[in-house]
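Asks: Going by the working numbering, the sequence shown runs without a break in its numbering and finishes at 70.
Source of the hints: derived by calculation from the structure; they are not laboratory data. This list has only true hints and no planted wrong ones.
So the derived label-pair ranges between C-beta atoms look like this:
| # | residue 1 | residue 2 | range |
| --- | --- | --- | --- |
| 1 | GLU59 | ALA27 | 12 to 22 Å |
| 2 | GLY64 | GLU15 | 28 to 38 Å |
| 3 | THR16 | GLU59 | 21 to 31 Å |
| 4 | GLN63 | GLU15 | 27 to 37 Å |
The beta-carbon is built from N, C-alpha and C at its ideal position, and this holds for glycine as well.
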Amino acid sequence: MSSQGPNSESRGSGETLRCDFCGQQTASVRRVALDRGYERLQTPHKELYACAACSREKEQARQGLAPRRR
Numbered sequence: 001m002s003s004q005g006p007n008s009e010s011r012g013s014g015e016t017l018r019c020d021f022c023g024q025q026t027a028s029v030r031r032v033a034l035d036r037g038y039e040r041l042q043t044p045h046k047e048l049y050a051c052a053a054c055s056r057e058k059e060q061a062r063q064g065l066a067p068r069r070r
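Could you build all of it, start to finish, from the sequences and the hints given here?
Replies: Now the structure itself:
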């Protein structure tokens with residue numbers, strides 16, 4: 001969803017979003033920023049949006065858990 005962000009209010013009911021990590025089209029995307037010591041409001045960064053599967057994998061990696069196979 002890198003081009004415009006996942007603003008659902010500006011999207012029609014049949015449109016899909018694209019995961020910035022795997023490229024799959026999906027009905028919804030997520031963005032979670034939880035790293036300690038990282039100032040999300042002041043530090044310039046590119047916002048990336050993940051589908052449910054990529055979001056789960058990123059969360060497992062953040063917690064030090066082995067990724068699940070798809």
